[in-house]
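Let chain A serve as the given structure and place chain B on it in line with the hints.
So the chains spell out like this:
There are 2 protein chains.
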Amino acid sequence: MPLTLDSLNPTVAKVEYAVRGELAIKAEEYREKLKEKNHGLPFNKVISSNIGNPQQKGLDQEPITFTRQVAALMEWPALAELAPNVFPKDVIVRAQELSREIGSIGAYSHSQGVPFIRKSVANFIADRDGYPSDPGHIFLTGGASAGVSLLISMLIQSPKSGILIPIPQYPLYTATLAQHDGAALPYHLDESSGWSTSVESIEAAIEKAQKDGVEARALVIINPGNPTGALLDEATQVKLIELCEKHSLVLLADEVYQDNLHHRQTHPFTSFKKVVAQTQSRVPLVSFHSISKGVSGECGRRGGYFECVNFSDEILAQIYKMVSVGLCPPVSGQIGVDSMVRPPKVGDESYALWKQETDAIHEALASRTKTMAARLNALPGVLCVDSPGALYLYPQITLSQKAQETARQAGKEPDAFYALALLDETGICVVPGSGFGQKEGEWHYRLTCLCPGVDEYVGKLETFHKGFVAKYGA
Amino acid sequence: MPLTLDSLNPTVAKVEYAVRGELAIKAEEYREKLKEKNHGLPFNKVISSNIGNPQQKGLDQEPITFTRQVAALMEWPALAELAPNVFPKDVIVRAQELSREIGSIGAYSHSQGVPFIRKSVANFIADRDGYPSDPGHIFLTGGASAGVSLLISMLIQSPKSGILIPIPQYPLYTATLAQHDGAALPYHLDESSGWSTSVESIEAAIEKAQKDGVEARALVIINPGNPTGALLDEATQVKLIELCEKHSLVLLADEVYQDNLHHRQTHPFTSFKKVVAQTQSRVPLVSFHSISKGVSGECGRRGGYFECVNFSDEILAQIYKMVSVGLCPPVSGQIGVDSMVRPPKVGDESYALWKQETDAIHEALASRTKTMAARLNALPGVLCVDSPGALYLYPQITLSQKAQETARQAGKEPDAFYALALLDETGICVVPGSGFGQKEGEWHYRLTCLCPGVDEYVGKLETFHKGFVAKYGA
Numbered sequence: 001m002p003l004t005l006d007s008l009n010p011t012v013a014k015v016e017y018a019v020r021g022e023l024a025i026k027a028e029e030y031r032e033k034l035k036e037k038n039h040g041l042p043f044n045k046v047i048s049s050n051i052g053n054p055q056q057k058g059l060d061q062e063p064i065t066f067t068r069q070v071a072a073l074m075e076w077p078a079l080a081e082l083a084p085n086v087f088p089k090d091v092i093v094r095a096q097e098l099s100r101e102i103g104s105i106g107a108y109s110h111s112q113g114v115p116f117i118r119k120s121v122a123n124f125i126a127d128r129d130g131y132p133s134d135p136g137h138i139f140l141t142g143g144a145s146a147g148v149s150l151l152i153s154m155l156i157q158s159p160k161s162g163i164l165i166p167i168p169q170y171p172l173y174t175a176t177l178a179q180h181d182g183a184a185l186p187y188h189l190d191e192s193s194g195w196s197t198s199v200e201s202i203e204a205a206i207e208k209a210q211k212d213g214v215e216a217r218a219l220v221i222i223n224p225g226n227p228t229g230a231l232l233d234e235a236t237q238v239k240l241i242e243l244c245e246k247h248s249l250v251l252l253a254d255e256v257y258q259d260n261l262h263h264r265q266t267h268p269f270t271s272f273k274k275v276v277a278q279t280q281s282r283v284p285l286v287s288f289h290s291i292s293k294g295v296s297g298e299c300g301r302r303g304g305y306f307e308c309v310n311f312s313d314e315i316l317a318q319i320y321k322m323v324s325v326g327l328c329p330p331v332s333g334q335i336g337v338d339s340m341v342r343p344p345k346v347g348d349e350s351y352a353l354w355k356q357e358t359d360a361i362h363e364a365l366a367s368r369t370k371t372m373a374a375r376l377n378a379l380p381g382v383l384c385v386d387s388p389g390a391l392y393l394y395p396q397i398t399l400s401q402k403a404q405e406t407a408r409q410a411g412k413e414p415d416a417f418y419a420l421a422l423l424d425e426t427g428i429c430v431v432p433g434s435g436f437g438q439k440e441g442e443w444h445y446r447l448t449c450l451c452p453g454v455d456e457y458v459g460k461l462e463t464f465h466k467g468f469v470a471k472y473g474a
Numbered sequence: 001m002p003l004t005l006d007s008l009n010p011t012v013a014k015v016e017y018a019v020r021g022e023l024a025i026k027a028e029e030y031r032e033k034l035k036e037k038n039h040g041l042p043f044n045k046v047i048s049s050n051i052g053n054p055q056q057k058g059l060d061q062e063p064i065t066f067t068r069q070v071a072a073l074m075e076w077p078a079l080a081e082l083a084p085n086v087f088p089k090d091v092i093v094r095a096q097e098l099s100r101e102i103g104s105i106g107a108y109s110h111s112q113g114v115p116f117i118r119k120s121v122a123n124f125i126a127d128r129d130g131y132p133s134d135p136g137h138i139f140l141t142g143g144a145s146a147g148v149s150l151l152i153s154m155l156i157q158s159p160k161s162g163i164l165i166p167i168p169q170y171p172l173y174t175a176t177l178a179q180h181d182g183a184a185l186p187y188h189l190d191e192s193s194g195w196s197t198s199v200e201s202i203e204a205a206i207e208k209a210q211k212d213g214v215e216a217r218a219l220v221i222i223n224p225g226n227p228t229g230a231l232l233d234e235a236t237q238v239k240l241i242e243l244c245e246k247h248s249l250v251l252l253a254d255e256v257y258q259d260n261l262h263h264r265q266t267h268p269f270t271s272f273k274k275v276v277a278q279t280q281s282r283v284p285l286v287s288f289h290s291i292s293k294g295v296s297g298e299c300g301r302r303g304g305y306f307e308c309v310n311f312s313d314e315i316l317a318q319i320y321k322m323v324s325v326g327l328c329p330p331v332s333g334q335i336g337v338d339s340m341v342r343p344p345k346v347g348d349e350s351y352a353l354w355k356q357e358t359d360a361i362h363e364a365l366a367s368r369t370k371t372m373a374a375r376l377n378a379l380p381g382v383l384c385v386d387s388p389g390a391l392y393l394y395p396q397i398t399l400s401q402k403a404q405e406t407a408r409q410a411g412k413e414p415d416a417f418y419a420l421a422l423l424d425e426t427g428i429c430v431v432p433g434s435g436f437g438q439k440e441g442e443w444h445y446r447l448t449c450l451c452p453g454v455d456e457y458v459g460k461l462e463t464f465h466k467g468f469v470a471k472y473g474a
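Top to bottom, those sequences are chains A and B. Going by UniProt numbering, the first residue of the first sequence is number 1, and it counts up by one from there. Going by UniProt numbering, the first residue of the second sequence is number 1, and it counts up by one from there.
Honestly, the hints are just simulated from the structure, not real lab data. There may be inaccurate statements among the hints.
Identical chains share a label here; the pair holds if one copy fits it or two copies do between them.
To be verified - Straight-line alpha carbon distances no greater than 16 Å define the calculated EDC-like cross-link-like pairs of lysine to aspartate or glutamate that follow:
# : residue 1 : residue 2
1 : Lys35     : Glu101
2 : Lys45     : Glu28
3 : Lys14     : Glu314
4 : Lys321    : Glu16
This is chain A alone, in the form it adopts within the complex (with noise of 0.2 Å):
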């Protein structure tokens, strides 16, 4: 059969990426045209709010300085020797500890991470929640979204096999779910209620599916919320892990923004694991964590983990022999997984640089959420809840039925037509809420709240918004 797109795989069909779909590449092609002297668009650069990659050009947030700083020694060790007053001592001896347990960073590890990292998170584990964690349940990874893919393909059987998402969900989930031919079960969030997590949506959903056919295998719930930030109490995580118990579901839990949270007082983070551990509950959970995002913000370097509890050995063993395939996760993302769980502590040379650089990351992250969500809830048609973690805003916007029309005759969805529109004015690269999932006749987008100078960028969001309503109606 000649290679042609009927020839492919029909699963590949169905595989949907928003966040880096129709959107994102126009954007890059934006980027492109910017470089030409004469180029014609009303605007002088391209803002890439559809992703969260807080290291990207024209972002402000830059690398810890301890992560890069060890990864340099360890990239070539002789540099502690040739520039050796270059590195504070700490590193130094940090450097020569991973060299010693892993060797050559080019070299293959262990295909289930280096063991000497998978206790340092295991310990990080253990420090977090109160609870012990054992290294060899830990799976280093090439970021969370390897391991979410993964495990999706193991416990999808055929079609009729399911796996609870919310929605809004991050698309990985659908996209994963599509090319492995499983079933997207979804289950609402309560916008109204800050985006909240309710139990009674979930059970409609398994009834739902139990008529169609289908068995709901897994539950995966994103905390903090992504794309709405929201971070759920204990209350409610007990709930979920009864629902999980009486129809034998295992538990998936996204985990990777554990440590952005703009108001830890109020909105504090507690992990499925604690909540297991202290309910001895024997539902399997599957925490997934990750460089990408938090202060560390390691998007490029792949790397993350996640923490089997309450699995037998021999699905460990089947999970060994997966991830045995692809021989072993990036060696740069895993060391900066070490970096991730053992920050300089109090009285190490590199612990007042470290603190004053992530103190910078947190206290930006919220200030500039809390000012978005300000502004944008202060324009007309538009709703948004003001997120307590994660990277994202996930706004609300009424579209009028002269709007809708005319996204509809160019072929687009409202949302999708809306975010164009906002492209090709202001060169501001956003998700329409289609990529993520809404209620039938809503509208959302998504965006990041990593951008500097937040007077200028919600200045452009405002302006649009203005014209576009003045166009289409309110």
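This is chain B only, laid out in the frame that chain A set:
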């Protein structure tokens, strides 16, 4: 349904990956045990000859200094000012150029890979082959495995879609086909003519598949071979391309060992890209390359690329979409690709050291391979093709009836039994031929030619083999 082996995707159970299977796991256990004072083992170190991992502990292949210096500067660009005299000038220039193009290596890159690095790859291919290469048709990957796995997953439509794979093969192919529920269509290489590839054996496999109702979608060629090390001549390559045209097959060319050549004059490497261009063939070709092998040996970075030739824009768009779900390949691996395809040139400050290091790696590998093949061939019942490429030897061993029966009684394949006994006695870990495939009633194992101290290494193999023959007969 509770989480048990039976509740997993049924494809999981079918996946096998011998390179990191039972033997490798046991080797790791021995390595841990050796740390004990009274370990009671008859050896003092484990030699991991099961995997082509040049920079692993205990082997002597150092990383290329140029690659690591560039990488260290990318990790912490301030080093160029803090320790200016430590780095050669061309390294600083290179790192600054990459930094301008990439920005922070902690940011997600373009999902297809940094455009600038794809241009470097295209230039490398054009220089190698004398035919142009389009950076838009190149995808940077996390090692070659990631690309192979993606392409296979996209080409398989149902269990009735098959992919032609050589026997012996690198087990990534059978593992990936099992995972995606496609059919492996084996064709045999001819050991008696140095593991040559014949069109007839592939035609026979296609015919057999047709009888079974399976459609062949693609042909995998590993050149230089793994585990065989064999090299194709251009005349055979032309015939293979014609065969792909005749049967509308996609040609998947695994060319990751293209720079591991032990006799460049008599056994040169010719890329399939060059032959396709020369013959103006319209066959869809994917050529895979990697930084894990060659003189680079940077397995842990997870870097590589594939080039698509004769692929339509719509298919390329689908590949882009699929890789975008995983966000981007590790940037550390991408800059490793850049260093591999743009090494220092004559006149650059780094050139002399680079030349010295890479010459030493080539020479050591060629000399070890020759010595090992000669000494293995001198053993009773051992037949070993003197491999002109790649990193391995794949000796055939005669196993007596008694050895075979003892193995079966222990529930092992006879070659796995031999390899386990070798590990138990000597600490040398190899991979039994059953992991790669072999003719019924034949037995082989694969071992790497990476170990330093070849006298001690082969000496142990010889002593073991003679003892095994003494115990079980020839």
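To see whether the hints hold, each was checked on the structure:
| no. | hint | in the structure |
| --- | --- | --- |
| 1 | Lys35 / Glu101 | between (46 Å within a copy, 13 Å between copies) |
| 2 | Lys45 / Glu28 | within (11 Å within a copy, 52 Å between copies) |
| 3 | Lys14 / Glu314 | between (32 Å within a copy, 15 Å between copies) |
| 4 | Lys321 / Glu16 | between (28 Å within a copy, 8 Å between copies) |
Hint violations for this structure: none, all hints satisfied.
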